[in-house]
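Enquirer: If you want the building blocks of each chain, they are given just below.
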Amino acid sequence: MAAVSVENIIMSYGKKKQKINALSDISFSVAAGELFGIIGPDGAGKTSLFRILTTLLLADSGQASVNGFDVVKDMKQIRKRIGYMPGRFSLYQDLTVEENLHFFATIFQTSFSENYNLIKDIYVQIEPFKNRRAGQLSGGMKQKLALCCALIHRPEVLFLDEPTTGVDAVSRKEFWDMLQGLKKQGISILVSTPYMDEANICDRVALLQKGKILSIDSPAGVIAHFKNPLVAVKAKQMLALLEKIKTLDFVQDAYPFGEFHHVVLQNEKAVPSLEQELEAADLGHITMHKVQANIEDCFIQLMKN
Amino acid sequence: MNNDTAIRTHDLTKRFGGFIAVNKISFDVKKGEIFGFLGANGAGKTTAMRMLCGLSIPSDGMATVAGFDVYKENEKIKKSIGYMSQQFSLYDDLTVKENMRFYGGIYGKSNQFIKEKTKLILDQLQLKNEANLLVKSLPLGWKQKLAFSVAMFHEPEIIFLDEPTGGVDPVTRREFWTMIYKAAATGTTVFVTTHYMDEAEYCDRVSIMVDGRIEALDTPAALKKNYNTNSMDDVFLQLARKATRKSD
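Protein chains in written order, with the numbering used here: chain F, 15 to 319; chain D, 33 to 280.
Be a bit skeptical, because a hint or two may be false.
To be verified - Pairwise CB distance ranges, derived in the manner of DEER restraints:
| hint | chain 1 | residue 1 | chain 2 | residue 2 | range |
| --- | --- | --- | --- | --- | --- |
| 1 | F | Q194 | D | T261 | 18 to 28 Å |
| 2 | D | K108 | F | F264 | 46 to 56 Å |
| 3 | D | N143 | F | K250 | 35 to 45 Å |
Said to hold, decoys possible - Covered stretches of chain D, going by a simulated chain F footprint (3 or more residues, C-beta under 8 Å):
| hint | region |
| --- | --- |
| 4 | 201-214 |
| 5 | 218-231 |
Honestly, the hints are just simulated from the structure, not real lab data. All values reported here derive from a predicted model rather than from experimental measurement. C-beta: ideal position from N, C-alpha, C; glycine also.
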């Protein structure tokens with residue numbers, strides 16, 4: 015049985031004139047024990063999707079279920095079985111770390127000690143601050159506490175909406191390591207992020223843009239679909255270089271990519287042509303080499319098609 | 033001081049009681065450079081940036097921004113810089129045009145200047161038809177590009193960008209960086225603080241702060257080489273893990 019199953023979900027906001035389609039006919043499923051990522055920028059529809067699956071919002075049409083329970087008919091069953099960490103910090107700021115944990119445990123009619131072994135690895139990192147009010151914690155610590163609270167009743171499926179937004183690289187890395195640990199304990203995880211580089215840590219990802227799924231595959235599978243030759247170029251005058259490249263007719267697309275520009279070429283024959291053209295142009299210290307596309311390159315290509 | 037220098041600091045320090053938030057940092061930023069200012073949460077980035085923006089008086093050391101002293105000439109600094117962040121940039125309840133008039137007015141620009149500049153920006157961003165719409169009705173990507181243009185409205189010498197591209201789609205993000213490159217090419221100095229390492233890769237040089245100190249400063253390529261890795265994320269993790277200061 016799928017941990018999450020979504021069929022033809024449509025969700026819109028606003029009246030006729032200014033209607034915004036948050037989700038336009040979305041379908042996918044998450045296997046039991048899978049770490050599944052929803053990758054998309056702000057406004058893609060990630061939060062609407064999470065709210066529908068956690069029974070907090072009714073879709074206009076379509077069906078969805080979590081561990082076999084229907085999100086509309088079996089609302090109460092689902093709520094007992096899932097853990098949800100919303101994008102916005104939503105713990106009680108005036109309660110201490112420990113009080114928040116006891117509070118959430120009580121709501122789910124369990125106790126902190128009963129499921130301690132599940133959260134132990136995460137909790138030990140915030141334990142030194144257990145008497146501090148949640149509102150006084152740093153971003154990384156808040157995030158760990160929120161995860162502990164979402165896990166306190168040992169959920170079967172965990173929903174994490176942008177858990178790594180606004181936290182630094184060290185905390186982000188630690189957070190993803192924690193998710194790998196939870197996956198090993200058999201918890202199915204649906205996680206969303208606007209950061210493309212985080213896709214690689216998931217078993218499978220859905221790339222979401224303006225309410226539509228651009229692609230569903232393993233990260234390697236998404237990348238394998240990028241068929242064009244891709245070249246990274248660099249010169250002293252980066253802006254002039256980009257403008258020059260965009261005038262070449264064998265170039266399909268070109269855009270800044272960190273310290274390089276990425277150039278998507280129509281075919282292999284264009285690689286030497288690009289080299290010739292750039293050598294002829296006087297832009298200073300030109301270097302170029304072929305590169306493997308990453309998730310961000312794929313997302314850009316899918317967005318433009 | 034050298035005319036090619038936009039920002040210069042020497043042993044710049046900020047203490048809060050016994051706590052040293054920024055500990056003797058020294059660096060120069062060249063005119064027209066895109067300079068990345070990185071650090072984990074709590075490393076001291078915000079405190080350092082507040083001093084450079086003339087919002088906080090240092091405890092010790094020296095710094096000049098656009099040629100002005102951070103101790104004595106902080107009002108002049110404020111006029112010479114622009115600031116944009118993901119959290120705060122535009123007024124949602126004002127229209128596109130009103131936002132520009134408001135910022136132009138704050139910086140004491142003439143009506144003539146405001147009128148011409150507004151037209152120029154609307155043309156550049158192709159927002160002519162949206163000029164009288166409330167900012168809150170615009171898609172995020174447009175807002176972000178508009179926020180950058182508004183922060184540049186008074187033609188500052190230096191622009192401070194605080195995590196500028198978080199959350200936007202990858203295509204808009206590229207358009208945004210192209211705008212930054214263009215600004216830098218015309219001599220504007222760009223000072224970017226971020227904790228996303230892929231943003232750091234767009235900078236000419238980056239500094240990495242750990243526990244109030246600058247632990248590394250170089251081009252992204254040189255940093256990757258020195259730390260023997262192919263990702264800035266790795267460089268950052270190697271450095272930030274040395275931190276003993278808790279972000280709490």
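Enquirer: Between the beta carbons of Q194 of chain F and T261 of chain D, is the distance compatible with 18 to 28 Å?
Expert: 21 Å, holds
Enquirer: Given as covered by chain F, does the region 218-231 of chain D meet the bar of three residues or more with CB within less than 8 Å?
Expert: holds (count 4)
Enquirer: Mind checking, does the region 201-214 of chain D have 3 or more residues with a CB under 8 Å from chain F?
Expert: holds (count 9)
Enquirer: Has the hinted range 46 to 56 Å been met by the Cβ atoms of K108 of chain D and F264 of chain F?
Expert: For F264 of chain F against K108 of chain D, whose Cβ atoms are near 51 Å apart, the range 46 to 56 Å holds.
Enquirer: Are N143 of chain D and K250 of chain F spaced within 35 to 45 Å by their CB atoms?
Expert: 41 Å, holds
Checked against the numbered hints above, the structure breaks none of them.
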